[in-house]
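Undergrad: Sequence positions in the sequence shown follow full-length UniProt numbering and run 1 to 422.
Check before you lean on any hint, since a few could be wrong.
[Claimed, not checked] No more than 25 Å apart at the CA atoms, straight line, and that leaves these computed lysine-lysine pairs for DSS-like:
no.	residue 1	residue 2
1	Lys179	Lys238
2	Lys310	Lys347
3	Lys238	Lys382
4	Lys67	Lys123
5	Lys382	Lys285
6	Lys285	Lys228
7	Lys179	Lys163
8	Lys67	Lys242
9	Lys347	Lys382
10	Lys242	Lys382
11	Lys179	Lys302
12	Lys242	Lys35
13	Lys365	Lys380
14	Lys238	Lys67
15	Lys302	Lys67
16	Lys310	Lys228
17	Lys179	Lys67
18	Lys67	Lys35
19	Lys123	Lys179
20	Lys310	Lys238
21	Lys380	Lys347
22	Lys242	Lys302
23	Lys302	Lys228
24	Lys380	Lys242
25	Lys382	Lys365
26	Lys242	Lys310
27	Lys347	Lys123
[Unchecked claim] Just the calculated beta-carbon pair ranges, DEER-fashion:
no.	residue 1	residue 2	range
28	Thr183	Arg108	22 to 28 Å
29	Ala288	Val381	23 to 29 Å
30	Leu159	Asp324	21 to 27 Å
31	Asp97	Glu164	22 to 28 Å
32	Trp225	Gly359	39 to 45 Å
33	His48	Val349	31 to 37 Å
Quick caveat, the hints were computed from the structure, so don't treat them as lab data. All C-beta atoms, glycine included, are put in the ideal place defined by N, C-alpha and C.
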Amino acid sequence: MESSMSFSQDMDDEYEKLIRRMNPPRVVIDNESCKNATVIQVDNANRHGILLGVVQILTDLNLVITKAYISSDGGWFMDGPDSSCFGRSVGVLSSTDYTTIELIGRDRPGLLSELTAVLSHLKCNVVNAEVWTHNTRAAAVMHITDQGTGYAIDDLDRLSRIKELLCNVLGSSHSREAKTEVTHVATHAERRLHQMLFDDRDYEQVGDEEDEDERQRPNVSVVNWYDKDYSVVSIRCKDRPKLLFDTVCTLTDMQYVVFHGSVDAEGPEAYQEYYIRHVDGSPIKSEAERQRVIQCLEAAIKRRVSEGLKLELCTTDRAGLLSDVTRIFRENSLTVTQAEVTTRGGKAVNIFYVREASGYPVDSKVIESIRQVIGQTILKVKGNNSKERKQKVAQESQSKFLFGGLFKSRSFCNFGLVRSYS
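Go ahead and model the full structure; you've got the sequences and the hints to work with.
TA: Below, the structure is given as structure tokens:
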């Protein structure tokens with residue numbers, strides 16, 4: 001019986017590969033239609049997660065999508081994850097070059113400093129890292145190497161020790177356990193951060209989050225269009241790079257398929273509209289499910305919102321650099337709310353968003369003192385410390401949708417006005 005099932009699955013896999021070879025992705029890149037942007041159109045067979053794969057590639061190429069039209073019908077959309085065109089995440093190194101550590105736990109002042117201090121003590125060098133904090137939780141994906149060899153760490157006893165000590169630093173709260181995973185599998189850091197925080201239920205309201213200023217919340221609505229058996233998701237919020245990736249990532253991880261959609265982000269505000277169904281083919285079935293979709297999309301948008309003062313460190317990389325810098329932040333009562341660590345060609349380029357541990361605005365005198373210690377040409381201030389206020393926008397009438405009945409028989413995804421933000 002097991003042999004028969006295995007044979008059937010193998011045949012299904014081969015059939016899918018044949019279909020993909022017969023219908024390769026058609027990608028059209030147009031630089032003539034618009035003077036200051038590129039229009040990209042992708043057209044191919046539909047599979048769950050294809051939209052996310054395409055958006056992820058465009059995002060990894062540091063492109064900003066200011067307009068997009070998405071349509072899928074009759075089993076067609078776009079093909080990608082296993083094809084030569086969309087098969088790899090751009091910018092992800094071979095997993096043999098580093099060891100990946102995934103961390104999640106309760107956020108607190110000085111946490112990043114303590115974690116990097118442990119890694120430095122264990123002779124580990126952090127070559128790349130993404131750190132997000134949201135709703136009292138902190139998550140990180142770090143790529144580490146052995147300080148001596150510069151390669152991935154494969155000693156199982158040593159890896160077990162690293163995991164144990166990092167877990168001790170993370171601790172746990174009464175409701176949620178801290179988690180540390182060590183792997184050699186190459187992962188897309190931002191995708192994993194979304195998945196980790198989603199699995200950790202960071203979308204659930206905790207403490208002061210309930211009193212959040214309404215003007216700072218994304219405007220997310222979900223209604224059912226019963227005539228077509230779709231649920232319609234509308235999102236309006238301040239625009240920023242990678243916003244489309246964040247929302248599509250969350251819908252995909254929640255097992256929803258985007259059949260049609262429209263994105264407009266040419267101004268300071270972004271508007272997104274998606275016609276979705278669950279992978280089982282049904283629209284949203286209950287009020288509880290509707291509220292959960294709203295909460296999860298709000299969380300996905302807010303996870304990447306950078307609170308605090310933006311600092312950029314650029315210098316020659318060395319062992320313990322990240323530990324030393326974050327220790328200086330901690331000793332000056334600064335806490336890191338978000339961090340992006342990259343190392344290329346022996347150079348470290350690190351971006352930190354910091355704020356006062358007590359919650360007050362960062363004192364400029366403190367920053368200047370830190371810059372004198374680290375080096376004024378090495379550490380630079382890249383943003384201001386004032387928190388931007390979002391304009392409260394009146395909700396659009398739920399009876400007016402961008403697409404109406406203009407659905408096409410063969411699907412396409414048109415990413416219009418694509419610009420680089422690097």
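Undergrad: Could you check the hint for me, namely that Leu159 and Asp324 are 21 to 27 Å apart, CB to CB?
TA: 24 Å, holds
Undergrad: Straight-line Cα separation of Lys382 and Lys365 no greater than 25 Å?
TA: 16 Å, holds
Undergrad: Decide if the proposed pair is consistent with the structure: Lys238 and Lys382, CA atoms, cutoff 25 Å inclusive.
TA: Measuring from Cα to Cα gives roughly 20 Å; hence the hint holds.
Undergrad: Under the criterion that the straight-line Cα-Cα distance not exceed 25 Å, is the pair Lys67, Lys123 satisfied?
TA: Violated: Lys67 and Lys123 sit about 46 Å apart, past 25 Å.
Undergrad: Mind checking the alpha carbons of Lys67 and Lys35 for me, to see if they're no more than 25 Å apart?
TA: 15 Å, holds
Undergrad: Using the Cβ atoms, figure out if Trp225 sits within 39 to 45 Å of Gly359.
TA: 43 Å, holds
Undergrad: Tell me if the straight-line CA distance from Lys242 to Lys302 falls inside 25 Å.
TA: With Cα atoms ~12 Å apart, Lys242 and Lys302 stay inside 25 Å; holds.
Undergrad: Given the hint that Lys302 pairs with Lys67, does the C-alpha gap stay at or below 25 Å?
TA: With Cα atoms ~21 Å apart, Lys302 and Lys67 stay inside 25 Å; holds.
Undergrad: Taking the beta carbons of Asp97 and Glu164, is their distance inside 22 to 28 Å?
TA: Holds, since Asp97 and Glu164 (Cβ atoms, about 24 Å apart) stay within the stated range.
Undergrad: Decide if the proposed pair is consistent with the structure: Lys285 and Lys228, CA atoms, cutoff 25 Å inclusive.
TA: 14 Å, holds
Undergrad: Below or equal to 25 Å on CA atoms is what counts here, so check Lys179 against Lys163.
TA: 9 Å, holds
Undergrad: Are the Cα positions of Lys310 and Lys238 separated by 25 Å at most?
TA: 19 Å, holds
Checked against the numbered hints given earlier, this structure breaks hints 1, 4, 5, 16, 17, 23 and 29; the rest are met.
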